[in-house]
Amino acid sequence: MSSKKGIKFYKRTDVKITLWYIVTFVVTTVVIFSFMYIRIRHHLIREIDRFFKDELQEFAFKVSATPMDFKGVIKKYEEEIVEREYYPIYVRVLQTNGEIVATSGNFAEIVYPINQEKLRSMGVGSRYVETVKVPGRRTPFRILSFRLAVNEKLDCVVQIGTRMKFMRKTLSNFRDNILTAIPIALVLGTIGGWLLARRGLAPISYITEATQKITATNLGDRLQLSQSDDEIDHLIATINAMISRLEDSFKRMNQLTADVSHELRTPISAMRGEAELLLSKPRPIGEYRKALANYIAKLDFLARTIDDLILLSKFDSNEAGLTMIPIKLNELLINLGELFRVLAEQKGIEFTVGKMEQLDVVGDQTRLQQLFTNLIDNAIKFTPSGGHIDISLQKDRGVAQVSIQDTGIGIPAVEFEHIFERFYQVDKSRDKERGGVGLGLSICRWIATAHQGTIEVESEVGKGSLFIVSLPIVSGQ
Amino acid sequence: MSVDVAYDGEEGLYLALHERYDLLILDIMLPKMDGIEILKSIREKAIDTPVIFLTAKGAEGDIVQGLNVGADDYMVKPFSINELLARVRVILRRDKTDSVLELKVADLTMDLKTHKVFRGGKRIDLTPKEYALLEYLMRNEGQVLTRTMISECIWDYHFDSLTNVVDVHVYHLRNKIDKGFRPKLIHTLKGVGYVLEKRD
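Here the protein sequences come in this chain order: F and Z. Each residue of the first sequence is one higher than the one before, starting from 1310 at the first, in my numbering. Each residue of the second sequence is one higher than the one before, starting from 544 at the first, in my numbering.
Worth double-checking, as some hints may not be accurate.
Here are the simulated distance ranges between beta carbons [what the hints assert, rightly or not]:
hint, chain 1, residue 1, chain 2, residue 2, range
1, Z, Leu-705, F, Ala-1519, 44 to 52 Å
2, Z, Tyr-550, F, Gly-1657, 51 to 59 Å
3, F, Ser-1589, Z, Arg-563, 50 to 58 Å
4, Z, Cys-696, F, Gly-1657, 23 to 31 Å
5, F, Leu-1544, Z, Phe-622, 51 to 59 Å
6, Z, Cys-696, F, Asn-1627, 27 to 35 Å
7, Z, Thr-657, F, Met-1580, 23 to 31 Å
8, Z, Pro-621, F, Ser-1558, 28 to 36 Å
9, Z, Tyr-550, F, Leu-1544, 53 to 61 Å
10, F, Met-1580, Z, Val-548, 32 to 40 Å
11, F, Ser-1514, Z, Phe-622, 32 to 40 Å
12, Z, Arg-563, F, His-1697, 52 to 60 Å
13, Z, Gly-734, F, Ser-1589, 48 to 56 Å
14, Z, Leu-628, F, His-1697, 35 to 43 Å
If you are wondering where the hints come from, they were derived from the structure by calculation, not from laboratory data. We put the beta carbon where it would ideally sit given N, CA and C, even for glycine.
All chains should be built: construct the whole structure from the sequences, respecting the hints.
Laid out in structure tokens, this is it:
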């Protein structure tokens, strides 16, 4: 798998998952088996203690049957149970002061120190059990001490013990079984873990390979969904969505490059043609001057188009560097109105500044001037002589609302959503003769957006257009 | 007129502090020390030599900062040489007309207290913006004022609309103060701007 090429073995995800699997498996097994071992051991010891209880009862019964003849009873014991293979019984009887009254032969052979203090503190009928290591014997002993007191005469401590050999054997058998089972389980677990990891990661390899194959030339391709609707499918869907977005922006970029080239190429070609014509024969100096002045105007226009494009790309990458300062919006608009009124009047259009509420916004002065200039300029361009343009400012639901209303040629409703797109012109031929390449309104929208504002249009063909720019006002107004 | 050129910020600051100049033109992005720092240091030393910032576009925050620390004007690259020269000339002669009460060019007079304007003894009515425009032209008598300078100064307008809007305003003003009078005082410099002066 190509995705695994060049990845160090111990860094591969399937290897890591398998290792984790093994570690988890081993730890779990060890914990479970240790627990079981301890439980079984505990259980076996309790078993011995119960067995002691039986023996003790029997012993007491026998002693009471043959009054106080401990030695006789023990002798009988020796015949019966001392020779048992599993759990041979060791028995002796002590006085409460620790003096040995009677003992079985096997008890006499082992060293079990008499703990005087403990004997003395024992109440009537009380007992204690302990596991002790006896010098010279490999297996430990379990010994129960019981204060048997029937009456004044019969008050002694009976000690019954046994070797724990059988229990040890049971436990070591259990341990051996486990130690054999663990490696087998480990091998099976490792193989299982490895297969699971590989199976789980197979789609990842597919995703890696398929994604690597996608470049600028095949952005139309998509990754195949596995139809399992799991996390992997969601990942694939996410990657597909990302590729779609890339494809979109790629298309837009290509379209933009084509538009830009076209818009820059046309005036440059025209200028070149004019220059060639001008140079083809000597002309009066006035003609050159006129042509050069015309060139400056055209170059200014080209420079503006380039500036606009730079500005838009800066807006796109959020690097527009707006200088936000408090601005008296009404003053800015009144100044703009006074500046541009003459242009409208020159064209025979009535230009009025309507209601102007005193409203402050925080914004970039130059950019806001650009925004409203573009709108006023458009209004003047698209309103015929005898028409009327009005600008006004009012507060509406907490925002400053600037309205620029004209009685111009209007915009068809189907175009509303397009007019803010870059290089979009409602009617190429009609817009061209009025100057402009279709960037003005997209810049307007960007400026409004950058000020947390909006721009909306209402229009009817033949009746006129209304552009409404809404900007957040400084709070406290 | 002589010009010293400094090729980095530290050299520029040294020259500004040790020589006497009529005007400094400062870039913002300079090697070793930026223009804003230089201007701050100069103003801290109480040197009030006029300063024009010349800066690459996009540094608008810098421009505001520059004006705040005491620049007199700024221009954004790429710029027209005519525009720069016009601004330099206006700044150089600014001090001379600050404290007068009346402006006078040929038979055109402007009373700065009463805001009345007379041409050849005849009262001329002007709108407030026309008055401001005329005052700007008269204070800078003989100096070329570009369209951008005019729109910035009179309408606080900093965006180049690429329209002939300033020309239309000047045309209206001309109609009031030059129409029917001799000599003509407002002159057009093609591709540059306007100048008000008495020409023989």
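Hint-by-hint comparison with the structure:
1. Checked against the hint of 44 to 52 Å, the C-beta distance between Leu-705 (chain Z) and Ala-1519 (chain F) comes to roughly 50 Å, which is consistent with it.
2. One distance hint, 51 to 59 Å for the beta-carbon pair Tyr-550 (chain Z) and Gly-1657 (chain F), holds here, with the actual separation near 56 Å.
3. A C-beta distance of roughly 55 Å is found between Ser-1589 (chain F) and Arg-563 (chain Z), which places it inside the suggested range of 50 to 58 Å.
4. Distance hint for Cys-696 (chain Z) and Gly-1657 (chain F): a CB-CB separation of about 29 Å, consistent with the stated range 23 to 31 Å.
5. Distance hint check: the CB atoms of Leu-1544 (chain F) and Phe-622 (chain Z) are about 53 Å apart, consistent with the given range 51 to 59 Å.
6. In this structure, Cys-696 (chain Z) and Asn-1627 (chain F) meet the distance hint of 27 to 35 Å, their C-beta atoms being roughly 33 Å apart.
7. A C-beta distance of roughly 51 Å is found between Thr-657 (chain Z) and Met-1580 (chain F), which places it outside the suggested range of 23 to 31 Å.
8. At roughly 30 Å, the beta carbons of Pro-621 (chain Z) and Ser-1558 (chain F) sit within the given window of 28 to 36 Å.
9. Our hint of 53 to 61 Å for Tyr-550 (chain Z) and Leu-1544 (chain F) holds, since their Cβ atoms are close to 56 Å apart.
10. A beta carbon spacing of about 35 Å between Met-1580 (chain F) and Val-548 (chain Z) agrees with the range 32 to 40 Å that was offered as a hint.
11. Here the CB-CB span from Ser-1514 (chain F) to Phe-622 (chain Z) is close to 58 Å, at odds with the stated 32 to 40 Å.
12. Between Arg-563 (chain Z) and His-1697 (chain F) the CB atoms are about 58 Å apart, so this pair conforms to the stated range of 52 to 60 Å.
13. One distance hint, 48 to 56 Å for the beta-carbon pair Gly-734 (chain Z) and Ser-1589 (chain F), is violated here, with the actual separation near 24 Å.
14. Under the hint 35 to 43 Å, the C-beta atoms of Leu-628 (chain Z) and His-1697 (chain F), about 42 Å apart, fit the expected range.
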